[in-house]
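Chain order of the listed sequences is A and B. Counted from 1, the first sequence has number 26 at position 26 by the numbering used here; the numbering is strictly sequential. Counted from 1, the second sequence has number 536 at position 86 by the numbering used here; the numbering is strictly sequential.
You may find that some hints are simply not true.
[Said to hold, decoys possible] Result set (PhoX-like, lysine-lysine): computed pairs, CA atoms no more than 25 Å apart in a straight line: (1) K592/B <-> K230/A; (2) K117/A <-> K527/B; (3) K333/A <-> K592/B.
Derived from the structure by calculation, the hints contain no laboratory data.
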Amino acid sequence: MEKKNKLLIVDDEAIIRQSLKAWFLEDGYEIDIAENAEEALKLYEKGKYDLILLDIKMPGMSGMDLLVKLKEFDPDAIIILITAYASVSSAVKALKSGAYDYITKPIDPDELSHLVKNALNQKNLKDENIQLKNSIEEIIKPDNLIGNSPKMKEVYSLIHTVSQTDTTVLILGDSGTGKELVAKAIHINSKRKYFPLVVVNCGALPESILESELFGHEKGAFTGAHYKRKGKFEMANGGTIFLDEIGTISQKVQIELLRVIETKEFMRVGGSESIKSDFRIIAATNENLLNLVNSGQFREDLYYRLNVFSITLPPLRERGDDILLLADYFLKKYSSAMNKKISSFDKEAIKFMREYYWPGNVRELENAIERAVVICHKDIITLDDLPFKVIQNVKEEPLTERSLDAIEKKHIQKILEDNNWNISKSAEELQIDRVTLYNKIKKYGLRKNN
Amino acid sequence: MTRVILAPINFDSYELLNEIISDLNEISKFEFEITPLNIDIKEAYSAERGQYNSTQILRIMIENIRDESSKVVGIVKYDLFIPVLTYVFGEAQLDGKFSIISIFRLHEEFYSGKSDNNLLKQRTIKEILHELGHTFGLIHCKDWDCVMHSSSSIEEVDIKGKNYCFNCRQKIEEKLRYY
Numbered sequence: 001m002e003k004k005n006k007l008l009i010v011d012d013e014a015i016i017r018q019s020l021k022a023w024f025l026e027d028g029y030e031i032d033i034a035e036n037a038e039e040a041l042k043l044y045e046k047g048k049y050d051l052i053l054l055d056i057k058m059p060g061m062s063g064m065d066l067l068v069k070l071k072e073f074d075p076d077a078i079i080i081l082i083t084a085y086a087s088v089s090s091a092v093k094a095l096k097s098g099a100y101d102y103i104t105k106p107i108d109p110d111e112l113s114h115l116v117k118n119a120l121n122q123k124n125l126k127d128e129n130i131q132l133k134n135s136i137e138e139i140i141k142p143d144n145l146i147g148n149s150p151k152m153k154e155v156y157s158l159i160h161t162v163s164q165t166d167t168t169v170l171i172l173g174d175s176g177t178g179k180e181l182v183a184k185a186i187h188i189n190s191k192r193k194y195f196p197l198v199v200v201n202c203g204a205l206p207e208s209i210l211e212s213e214l215f216g217h218e219k220g221a222f223t224g225a226h227y228k229r230k231g232k233f234e235m236a237n238g239g240t241i242f243l244d245e246i247g248t249i250s251q252k253v254q255i256e257l258l259r260v261i262e263t264k265e266f267m268r269v270g271g272s273e274s275i276k277s278d279f280r281i282i283a284a285t286n287e288n289l290l291n292l293v294n295s296g297q298f299r300e301d302l303y304y305r306l307n308v309f310s311i312t313l314p315p316l317r318e319r320g321d322d323i324l325l326l327a328d329y330f331l332k333k334y335s336s337a338m339n340k341k342i343s344s345f346d347k348e349a350i351k352f353m354r355e356y357y358w359p360g361n362v363r364e365l366e367n368a369i370e371r372a373v374v375i376c377h378k379d380i381i382t383l384d385d386l387p388f389k390v391i392q393n394v395k396e397e398p399l400t401e402r403s404l405d406a407i408e409k410k411h412i413q414k415i416l417e418d419n420n421w422n423i424s425k426s427a428e429e430l431q432i433d434r435v436t437l438y439n440k441i442k443k444y445g446l447r448k449n450n
Numbered sequence: 451m452t453r454v455i456l457a458p459i460n461f462d463s464y465e466l467l468n469e470i471i472s473d474l475n476e477i478s479k480f481e482f483e484i485t486p487l488n489i490d491i492k493e494a495y496s497a498e499r500g501q502y503n504s505t506q507i508l509r510i511m512i513e514n515i516r517d518e519s520s521k522v523v524g525i526v527k528y529d530l531f532i533p534v535l536t537y538v539f540g541e542a543q544l545d546g547k548f549s550i551i552s553i554f555r556l557h558e559e560f561y562s563g564k565s566d567n568n569l570l571k572q573r574t575i576k577e578i579l580h581e582l583g584h585t586f587g588l589i590h591c592k593d594w595d596c597v598m599h600s601s602s603s604i605e606e607v608d609i610k611g612k613n614y615c616f617n618c619r620q621k622i623e624e625k626l627r628y629y
């Protein structure tokens, strides 16, 4: 069980003590309050605190004097001073006397929250460091990173190895294989776990707003920018930024990204101050980045910056019994969410799930089970409850042809039909260009069936 | 199923509440219903700060609502504060019955000048579920995917998830068994 951090709030105003106590109770800290220095010292005699919030101006012994006393008693004490009026000289004096920081009332909640969390996280990490070095053999998995197949065990081993470092990671794998879950697993097993994992879906971001989204903007940076806004890189400070669908970003953004990765510095839009952020990068793609590099669509220098350590996720069809473990997990998840009492799958449904090709991988399986739970009226999922497309695909006859040409012809015909003979879509799915596809249609004499 | 009353106070964005209610029901398994709350919250207003004191609004709600059977989430359009902080998005009675949220700082116009109704809906859902979670005794969760993760800035509201994580959901279900 995780240790609760102990906080002491010292302020002569009852309303300030109470509102700070209520605010920090929501973080799960153990809180004591004192209305003056004498009371604070008495409490401190009973045991140390992880962090002390101290009002400077109090009747009797001032906060500054109390700071000096507490530091004599406990040199490691983290003390944050609070005052109603900020002055440079008092701030300097506080910091020289060993205060961790100095804030002015009323306090910006974001500033207070980060100040306290950062201070405590540093302390907790220091305490945990020795344990971490020796104890982790197994990784902590996010709820739905499930599977015991040899290929997934290999993935867990890679996650374990890389999470102990700060190396940039590139996650490769088809759509729906769980790339974001792997990023999350790396993050929560790393020393950055107390800080955010910021997810950026590069494919969903129009280039026009990307700059402001990634780097933030200052108040007044453009019409309507009424308020300062932090960007994703700033939000990821201390933590991890996960750049999904990295293969889709434009050349312009690639240059900016390369610069930020190299310097860990950037400016908010409309700002003049350079902001430093300490983040770890995990990128993911379902595209062949090396092909994009060879065709000039992706910068080679950026590719090597990102591909320091890569993890490739297997498609679901190569994960054996993981399919059933996952199906069971999704069944429990959706039965509970929909208040249904469905306990399992019948033999036929299990057979079909094992044999199906699962082109959409885990995401497709999850959708299939969700839909099955919606329409199932018994206590067991049968073949009829599974989506039509899944069943149809399983029942397809096995390949009887032996020559490569015959298999290619059949495969192209199928992809064309699946895409209603849309040449661009089919070419994209087949990962060939449109001209090559036209040539193959001509070569095999393929025609659209009515 | 646990009933949760969404209680708009001097509120005019009913369209927003009607739009989010089905999402709320689906995500949380609570049964949300909208019941406007006709109470006078003038005394919670601070002319000096131009904001409403959320702790005082909670007190007025407690004094005026006698329904023992449900949790109540007050919703206002005003900017909220607690005395030591410049603003809050909301406040709740930890392990209690009442909570309050403000949509004042959930509007994207407040930050970038651009209106984004979808973002407003997502943020409102997260804030309601977050404060409601506190009334079930939940403290801030370390998981950034969980709606109970602390969020003291709008950027943090946006990057956290809108569902309770497995552990937080379990804790709520345990609480519900005692009701």
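Hint check, failures only:
2
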